[in-house]
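K.L.:
Below, each chain spelled out in residue letters.
6 protein chains.
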Amino acid sequence: MFVHNKRLQYTVRVAGPNPGLANLMLEQFGGPQGELAAACRYFTQAVAEDDPGRKDLLFDIATEELSHLEVIGSIVAMLNKGAKGQLAEAVESEAELYRSLTGGGNDSHTTALLYGGGPALTNSAGVPWTAAYIDTIGEPTADLRSNIAAEARAKIVYERLINVTDDPGIRDALGFLMTREIAHQQSFEKALYSMTPNFPPGKLPGDARFTNVYFNMSQGEGDARGPWNSDDNFKFVSDRDAQQAIDGGGEASVKLTGDEQKLLRQLAERTASDPTSDPMTGAELGMGGELAAGREADSTAREPSGR
Amino acid sequence: MFVHNKRLQYTVRVAGPNPGLANLMLEQFGGPQGELAAACRYFTQAVAEDDPGRKDLLFDIATEELSHLEVIGSIVAMLNKGAKGQLAEAVESEAELYRSLTGGGNDSHTTALLYGGGPALTNSAGVPWTAAYIDTIGEPTADLRSNIAAEARAKIVYERLINVTDDPGIRDALGFLMTREIAHQQSFEKALYSMTPNFPPGKLPGDARFTNVYFNMSQGEGDARGPWNSDDNFKFVSDRDAQQAIDGGGEASVKLTGDEQKLLRQLAERTASDPTSDPMTGAELGMGGELAAGREADSTAREPSGR
Amino acid sequence: MFVHNKRLQYTVRVAGPNPGLANLMLEQFGGPQGELAAACRYFTQAVAEDDPGRKDLLFDIATEELSHLEVIGSIVAMLNKGAKGQLAEAVESEAELYRSLTGGGNDSHTTALLYGGGPALTNSAGVPWTAAYIDTIGEPTADLRSNIAAEARAKIVYERLINVTDDPGIRDALGFLMTREIAHQQSFEKALYSMTPNFPPGKLPGDARFTNVYFNMSQGEGDARGPWNSDDNFKFVSDRDAQQAIDGGGEASVKLTGDEQKLLRQLAERTASDPTSDPMTGAELGMGGELAAGREADSTAREPSGR
Amino acid sequence: MFVHNKRLQYTVRVAGPNPGLANLMLEQFGGPQGELAAACRYFTQAVAEDDPGRKDLLFDIATEELSHLEVIGSIVAMLNKGAKGQLAEAVESEAELYRSLTGGGNDSHTTALLYGGGPALTNSAGVPWTAAYIDTIGEPTADLRSNIAAEARAKIVYERLINVTDDPGIRDALGFLMTREIAHQQSFEKALYSMTPNFPPGKLPGDARFTNVYFNMSQGEGDARGPWNSDDNFKFVSDRDAQQAIDGGGEASVKLTGDEQKLLRQLAERTASDPTSDPMTGAELGMGGELAAGREADSTAREPSGR
Amino acid sequence: MFVHNKRLQYTVRVAGPNPGLANLMLEQFGGPQGELAAACRYFTQAVAEDDPGRKDLLFDIATEELSHLEVIGSIVAMLNKGAKGQLAEAVESEAELYRSLTGGGNDSHTTALLYGGGPALTNSAGVPWTAAYIDTIGEPTADLRSNIAAEARAKIVYERLINVTDDPGIRDALGFLMTREIAHQQSFEKALYSMTPNFPPGKLPGDARFTNVYFNMSQGEGDARGPWNSDDNFKFVSDRDAQQAIDGGGEASVKLTGDEQKLLRQLAERTASDPTSDPMTGAELGMGGELAAGREADSTAREPSGR
Amino acid sequence: MFVHNKRLQYTVRVAGPNPGLANLMLEQFGGPQGELAAACRYFTQAVAEDDPGRKDLLFDIATEELSHLEVIGSIVAMLNKGAKGQLAEAVESEAELYRSLTGGGNDSHTTALLYGGGPALTNSAGVPWTAAYIDTIGEPTADLRSNIAAEARAKIVYERLINVTDDPGIRDALGFLMTREIAHQQSFEKALYSMTPNFPPGKLPGDARFTNVYFNMSQGEGDARGPWNSDDNFKFVSDRDAQQAIDGGGEASVKLTGDEQKLLRQLAERTASDPTSDPMTGAELGMGGELAAGREADSTAREPSGR
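Protein chains in written order, with my numbering: chain A, 1 to 307; chain B, 1 to 307; chain C, 1 to 307; chain D, 1 to 307; chain E, 1 to 307; chain F, 1 to 307.
Among the clues, some could well be false.
A pair holds if it fits inside one copy or across any two, identical chains being indistinguishable in the list.
[Stated by the list, open to error] In the DSS-like style, the derived pairs of lysine-lysine whose C-alpha atoms are separated by at most 27 Å in a straight line are:
1) K203 / K235
2) K255 / K235
3) K6 / K255
4) K203 / K55
5) K262 / K55
6) K6 / K235
7) K235 / K262
8) K262 / K203
These aren't lab readings, by the way, just hints derived from the structure by calculation.
Only a predicted model underlies this, so the values are computations on that prediction, with no experimental measurement involved.
The following block holds chain A by itself, in its conformation from the complex (with noise of 0.2 Å):
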């Protein structure tokens, strides 16, 4: 069960409204990389885990995740505080506020029009947030290196919301808020390779002949060879024909029954295309003019002698 205590867990100290700024940070409150995304990533796995270490760590920083989104989500609401009471009360003109509203130069002017200011679960370009960005799947070997990966992308974001702020409240936030990332993702490595063996993920084994084989599927100019495609790690192929139907066929097929095939068959001549035919097409019709004009007269002549 959760519970809330007044208190951010890291004060939030704004020195002013910036409505553009807020919708910046909005990538962290309702973006993909956000807050939001990590809490409901980590609580999802938690309340299907088995192993209790996991299941323990997936709640604490779940836990930490959402008490972070009440962190961003109060730094937009702070940067907003000014926008909030001219947009309610609407004591300046008109051509002021639609001045204040969109020249932030971002999307702004939707966390004001729809949203009248306050914490959207949208990102900077005022997308809603979709649980399409969750990515876990139920299995511990692949939802730990996605729990890795996605604490590297919120750090990486967090990092580039500091880039583009001289507020040091807001700086000194953020950098709390990054930090955490980091030690995040300490937790979900150690977490991962507790785990012995972890790769390949799953139960199933790979093919032996397809496991070690690297595909040079892009040539020319510019092909690189390194320790991901070294001859000591890899079989390299670039030679364009071992590239594909490599277990010899190349073709796809069906057995199908007497029934289907006849169906099928007359699908096909139902459908057919005449690839003898030169049929007067609507582009011909609509080029207009001369073009279509000789076009029209040789289809007529042809008429006769072709179809």
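Start from chain A and add chains B, C, D, E and F according to the hints.
P.N.:
Chains B, C, D, E and F only, in chain A's frame:
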């Protein structure tokens, strides 16, 4: 530039039509962990990448994933071949066709009605593919971790699909596709670790005060310790007071101009809730009968004295 | 800040695994009227709210909804516990596993394949949760009404879920959750009516000419009267002419500069349709046979005289 | 059946083109609180409704909302009339056109490029309208409350749009539209309260033990009391222990067969995390430099003694 | 199988970085009329197609569209090259970086923050690409028409992009891409008309009574005639009565069993609205002041006599 | 302005309740090719159109599609009438209700639970309708082609629905609706061809060097020729070298300032991958057992000599 050769990378031999199974296979065609997601993920990274080794690697694997998309799409098309003919030519009785359409016990009906049995860019629940599945953020230490995780997830979904199929041709092709995810994961791992250092991701260092702290946010029976929160690796904080307002305050504030404050006060007054009232509500009106009548009398009675 | 205690707010006792039922329960986990939606709705309002009473109320209920999310998620996890083991360990024959996966007659197959039996943030059709479900707009007289309505909807969906379950442990937990929606609705009602006045919402008054007019837009057998359109409460307008162009004109116009007008004229000429023509069309080309031949002759014939 | 008369329900007189303002107006065309949402909400309820009074009411208002959609769409079209010509005929220099396209400071560029200046079914951030905005659930005591709330939200968004416009013709039309939302809200209120009882919504009563309990989940400075949690109206529960595991247990359980248990044990063993290990991790590999070297030495050193 | 050659299909020469322009270009990368949509549209058709000519055509063009996706993606990457370095290395002051990020007047800020300047699979408003853009339905006479229309739309969006750019290298590359859409449209037209007949699409004929009827549903000043509703081509129906209930009845009915009827009656009674009541409503409670007081008195007064 | 008459445009006579069939019918209510999509498509074009003939045509057909939406919605409501009563009144045993809810073998369970049996704006898989289905771009030669294609697709989906129904009343109504799509397609064709010229769409001509070139991008067994790539109509390019870098270079470049170059070099160095390394990776750590041990020894050994 991409070019296409008619032969598949791996042969598809399907034992017989099965629209229900086709629908499950869509998970790796238009699902979140499927081949379109993989191809788009690596392709978008490749186009933006400047490091020659990674750029080449990303194009190699993006191209192979496109070829896998074709393999899994061909499996879907083969499995739906019977349904395609039946629906288009409609020679069965309507009732039989209805039964065959909805008998699969899953969403194959949508594939048939809406997509005519073709491979649709949806998952097995009929949800259209969305680029919200793509987590590319344009930073290699994060993106490579995302790729590693994505390969792990795709491997697991292939494993699950293999587990629900007894068609040997399909199992063979899925086994190839699953194995290639293992190979790709290994390449991305090599690429990640050939960047030194790669942790923490990005450029800004963490704040040393918080990098190795573990907040035990979820407490009670089931609390667990392990390397992810051990005293060797982390400062373990269980005290609820030490978890909040870490830097002292714990509040959110913003500096406002006098005008801004005035407007907000005005807004606050206009929308104040009166904590001393006990207003009649719509719910009480809606209860009907004596209950509401009593309440209404009550409320009328209270009017003179209170409000 | 949020903290988590290991015990659930309400005990979950499930009589036995049932993936089909688990899938239905997702409606209140990741569905539009479910607990994540509720928690997000109130949390976003709480963060932005300045009125002390409402702010506290919103945090209280947001937090409880998160705890409900955990309860319903735990029900889903328990119901899927059997499927989780079967799919991951794959000891059944593939054919049996396929049957058990798709036999539920609903979308439990997606939950299994894609989410490994974990509680997914989707509704019962597999549609990912989206913040488009959240209707917070940052104005309390509107948001509180939205909350009242949301609680009413959630109550109904719980009622429906109770109606399709005979597992007494699940019915018990769902009964608790359903009842809490009733309690929450009452609190939100009190909060709404403790604002005076709260109607019309917002600050701007309506235009008195149109505030109590009822337009009878749908006419014919079935036209009905009641307090919602009675003469006591509304001016009832049935006359079709009086319903349109209420203020006279009824047209849309904009003042354009000469340059703008010139460009639009040029565009109009370039894209004008010729109402006096009777052009041959793609559809006619496509009809084939005599029909099209006749039309083509026709068209050719008409050419000299008309175009 | 719907029919259409050429005259608008209300006249649209726009003082001059303004693509930026047009973009803001989209909020009520294709936004979540806009007219398409309103029309779809009431129309879907009307079609399913059996009560003659409500059915008629819903069709009346659905139809009027469609007519409002036309009014707001016409405003958008008029505001974009200049941009439409410029973009299609491209007589300005490219640089000027670029500036005029992106100078609005909001998403009008997307409207221009993608929709050619026509009214698009998106909100002001360019997000396509989705039926996820519609909260119809097919139960009148819930749906009418949803309608009441929806009208309140729409009223507020109109109010905000009026506040950012000084074009008198637009303000006039928006004022009409805003007022109609007030009228509609009153009709829906009358319809709700003409059902007796209408609370609690639906058929199942709540569990009397929990109907009037208020859980004080968020505590600390700022805790507040009011009619929404007063002792008169609710049993107020602040004790953390009394808030959790209300019915005793607080755990989640499911009865499994022996086979199911065996599989889950097998899965648990296969994927167990070892809490006593301190594995080297990818993060440590990735730190590079002395740090990682030390850790690697460490780990090698520890190998013999520990694992 | 797809393979990749390093050289682009067409050279990309960008005069200088311009994140705002990059953002507009996204329309053809991850927008609804863009190259990913085109490639996916034709690829999904190709995989399912059985007609040898169309199958080959669809693979040819799908592959070319993928190559165009690479060209437009490369334009985006080049235009963002400056921003990429600035954001990652953060050597400017934060305030300057903020200005450069949000100064474009469009959504380039999201591309920078969230995608690091890489080409994102979104449109110019930041909306993620969705397979809902793909209208493939698996029937060639419909799909080919969809393809013709899609090429026409893509041509127009390229034309608009050319109109807002004065960078000669970009204009050159866009000109190539635009022209290819014209070529593709011509190929699809030929493919459509080489099927005889191709109209009406599909197998079932229309009902001859309604195939050539035109209902004049929108009437008033502006009513127009042309070949699309001329007496030569259509039976023109303007009479409102003749437009509705064309086959007589005009009602919706379903045969129900006695049990079903009984349940529905029970539901109807339970949820009946009372048209003779004039209930006090939440809106009236919410009006406050004398108005509500009067109404409340009223309502109390009416109680004895009416309810 | 829209007005509504109570009688349907076409009578709906349903033989008996059938929630599974109702769910399939949703395809034409809230599906991508359904009536809401059609109405919105034409309505948005109508509002923006300036040509009097097309404007009138578009309003006529938009209005008729709304009336069709009502017809198909009424079919859905009738088919769900039985389920509506059962779910709301819950007189069956829970187990029976569960069976009836999930026995349809498709997504009717979601319609019941979430929408109470009402017609929902989703497709048959439960996916909410989205304006992403609408391809209006505000240019008539493109939009009319889109409309033609849309009518063709809708015709096919109706044909498929007719094929799975044996209820004569439903078949009759669907037959009417299907036929109207044929009529509408003919009108849109006439409107397209009454614009001269209408090809290529838009204003800019294509680049004559590329307008009639066909790139044979997909090669191998199955290569085919036809009028869509014949030598009569196109210059056919099969040579792989002639397909790429058509204008010579084939590379992407941008001119950067010295500062920009410096930053990018710095970024490149910071994030360089070392192609000569062979780093130990997380995957190797994760393999466990001897394999990883060997690798670890290896890596340690290599340290002194190489890095």
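K.L.:
Reference check for the pair K262 and K55, CA-CA at most 27 Å: within, between, both, or neither?
P.N.:
between (56 Å within a copy, 20 Å between copies)
K.L.:
Is the C-alpha distance from K262 to K203 at most 27 Å within one copy, between copies, in both cases, or in neither?
P.N.:
Only across copies: K262 and K203 sit 16 Å apart there, 42 Å inside one copy, limit 27 Å.
K.L.:
Using 27 Å as the alpha carbon limit, work out where K255 and K235 are close: within a copy, between copies, both or neither.
P.N.:
neither (35 Å within a copy, 39 Å between copies)
K.L.:
Between copies, within a copy, both or neither: which fits K6 and K235 at Cα up to 27 Å?
P.N.:
Result: close only across copies, 22 Å inter versus 59 Å intra.
K.L.:
Treating 27 Å as the Cα threshold, decide for K235 and K262: within, between, both or neither.
P.N.:
neither (46 Å within a copy, 38 Å between copies)
K.L.:
Checking K203 and K55: alpha-carbon separation at most 27 Å within a copy, between copies, both or neither?
P.N.:
For K203 and K55, the Cα distance is within 27 Å only inside one copy (21 Å; across copies 32 Å).
K.L.:
Treating 27 Å as the Cα threshold, decide for K203 and K235: within, between, both or neither.
P.N.:
within (24 Å within a copy, 35 Å between copies)
K.L.:
How would you classify K6 and K255 at a CA-CA limit of 27 Å: within, between, both, or neither?
P.N.:
between (66 Å within a copy, 21 Å between copies)
Violation of the numbered hints given earlier is confined to hints 2, 7; the remaining hints are satisfied by the structure.
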